[in-house]
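Q: Chain by chain, the residues run as shown.
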Amino acid sequence: MSGLIEWILFLALSVLAVGMAASMLVTMSMYRAGLALMSSFVALAGLFILLNADLLAAIQVMMNVGGMLVMVLFMVMLMMDPGGEMMWDMKRKMHMPGPGALSMTMPRGAPPSGKERQHHQMMVDMAMSTAQLPWALALGAASALVLIVLVVRTPWPFSSVQPTQDATGAVGTLLLSRYMLGFEGAAFLILAGIAGAVIFARRERAPTSRPAAATAASGTKIFTCPMHEEVRQSGPGQCPLCGMDLTPATEASVHHGEGGGSA
Amino acid sequence: MNTFGVALLVVWSLLICAYGIAVLERLTALGLRHFRAAVLLPLAETVALLRQENLVPRGADRLLFHSAPLVALTSIALAALVIPLGPALRGFDPSIGLFYFIVVLGPFVIAMMNAGWSQNSPEGLSGTFRAAACLISYEVPLGFAVIGPVMAAESLSTARIVEAQTGLWYVVWQPLGFLIYAIAALFMTYRRPFDLPQAGSELAGGVLAEYTGARLLLFHIALNALFFLLTAMGVVLFFGGWQGPGLPGPIWFLVKTVALATVLLWGGRFLPRVRHDQMLSLAWKILLPASLVNVALVGILILVFPGEKS
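First to last, the sequence lines map onto chains P and E. Basically the working numbering = 1-based index in the first sequence + 165. Basically the working numbering = 1-based index in the second sequence + 8.
Watch out, some of these pointers could steer you wrong.
Unchecked claim - The list that follows gives simulated cross-link-like pairs (lysine to any residue, SDA-like), each with its CA atoms no further than 25 Å apart:
| id | chain 1 | residue 1 | chain 2 | residue 2 |
| --- | --- | --- | --- | --- |
| 1 | E | 293 | P | 366 |
| 2 | E | 293 | E | 277 |
| 3 | E | 293 | P | 359 |
Treat the hints as calculated values from the structure; they're not laboratory data.
With the sequences and hints as input, model every part of the structure.
A: Have a look at this one:
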């Protein structure tokens with residue numbers, strides 16, 4: 166009985182994992198794609214629980230829920246089209262049924278003339294499938310077939326060892342004894358990556374050549390920050406508050422600043 | 009049948025806890041003189057929200073919009089299972105209890121962000137990004153803050169952590185860890201002064217801007233229940249859980265949790281809302297180094313006084 170339930174759970178979780186991975190590929194919304202990938206990984210965590218690997222399942226969920234979410238947000242923020250929301254919206258307004266990529270196929274034939282042309286062009290722009298789609302499908306199906314054959318043909322070893330109750334302690338001991346070099350090495354690599362990112366993202370403090378030219382042209386003019394009007398100094402440089410290049414103050418802002426100072 | 013009973017019990021107690029937190033929040037806002045109003049207002053609001061029309065904004069991502077409150081409540085109900093109310097009074101006690109608690113609360117943030125994203129409004133979108141900023145602010149300090157009790161108890165099991173505090177509560181020698189945990193708990197439930205994903209006066213509700221009626225009620229229940237759970241976990245980690253003289257365990261546990269929740273809610277009212285950049289620099293420049301110092305201090309104390317471990 167419990168074997169049957171295990172089988173049903175296994176099948177349901179597997180279908181969920183594969184289905185969510187597929188829906189990640191066909192959805193038009195970047196945000197939904199990220200969520201679908203996340204759900205696929207969470208379903209995998211369910212499979213880990215079936216295998217008595219609770220700790221691994223918890224780590225899988227934590228890494229993928231938090232990490233994936235931040236990754237999705239970065240994708241959304243870095244894209245000009247926020248998260249595919251534009252295409253998702255167009256699909257909604259044109260009342261196209263089904264998942265985006267499948268309902269928006271590449272229009273065939275030569276572009277029509279006249280009024281229909283704009284619509285055709287839009288469909289070409291929006292199509293997520295391209296002329297290479299049949300080849301890609303065939304290649305994907307072939308690799309899937311190879312993998313399935315490999316899984317079926319491999320003589321998998323069966324372990325008769327009872328799963329330990331306190332896996333956390335065992336994993337911790339192993340990480341800090343047998344696999345210490347790899348563990349600490351990875352930690353060091355990540356630290357180096359963080360340090361590198363901080364150095365790359367640091368604001369440039371070196372004086373640029375542009376303000377130097379401005380000095381030559383304008384003697385002892387008053388310079389101010391575009392963002393902070395109260396910052397005034399007699400030469401060019403960087404704002405002490407925000408680090409932006411100072412610009413020559415206009416008469417109006419000078420008067421305004423003086424008025425504010427006396428009041 | 010037993011599982012069903014536990015599930016029903018957890019849901020009912022979460023509802024009552026959410027109501028209790030709502031009353032406490034009003035009490036800290038209005039003062040003790042308005043005790044009757046504080047007790048009755050949450051009930052009146054519940055009835056009002058239930059009578060309200062259920063609006064779905066135009067162009068909303070319906071799947072995410074409808075599922076968000078359910079995901080939030082589910083993750084909180086799952087997290088409630090590992091809180092030990094008494095020596096043998098809890099849903100279940102996995103060996104990775106505390107880790108499970110933090111992991112299962114992850115989808116709650118997703119639900120809040122889905123809520124903001126799916127409603128197709130600028131307020132909601134801003135709320136989504138602020139919720140994400142909150143997530144990357146509190147997650148790491150929270151993780152390091154709870155490592156202290158785990159190191160001292162040598163276990164992730166919530167019951168074992170409580171039992172290890174028989175002689176001395178961890179808050180006595182890990183005050184820094186408790187402080188970081190409390191701030192992270194305020195972050196996580198979007199309470200003052202870290203309520204910027206909702207930001208009543210500024211974003212008109214933020215992630216919940218377009219929610220009305222029963223769905224909004226579900227979100228309020230979820231947020232209040234989450235606050236109760238986090239203070240309860242704070243009691244488990246730093247204030248000796250159910251332990252205390254005289255009274256039975258669950259009563260002590262409730263008294264401590266309510267006291268801690270009152271202090272947090274009351275203290276938060278004195279601080280202005282933190283801006284998002286201030287929040288990030290607070291988390292990464294102050295809380296994170298402080299939590300690392302806490303881990304180092306706890307390690308040194310455990311090595312110097314080996315007797316304190318048990």
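Q: Could you tell me which of the numbered hints above are not met by this structure, giving the numbers in increasing order?
A: Violated hints: none at all, because every hint is consistent with the structure.
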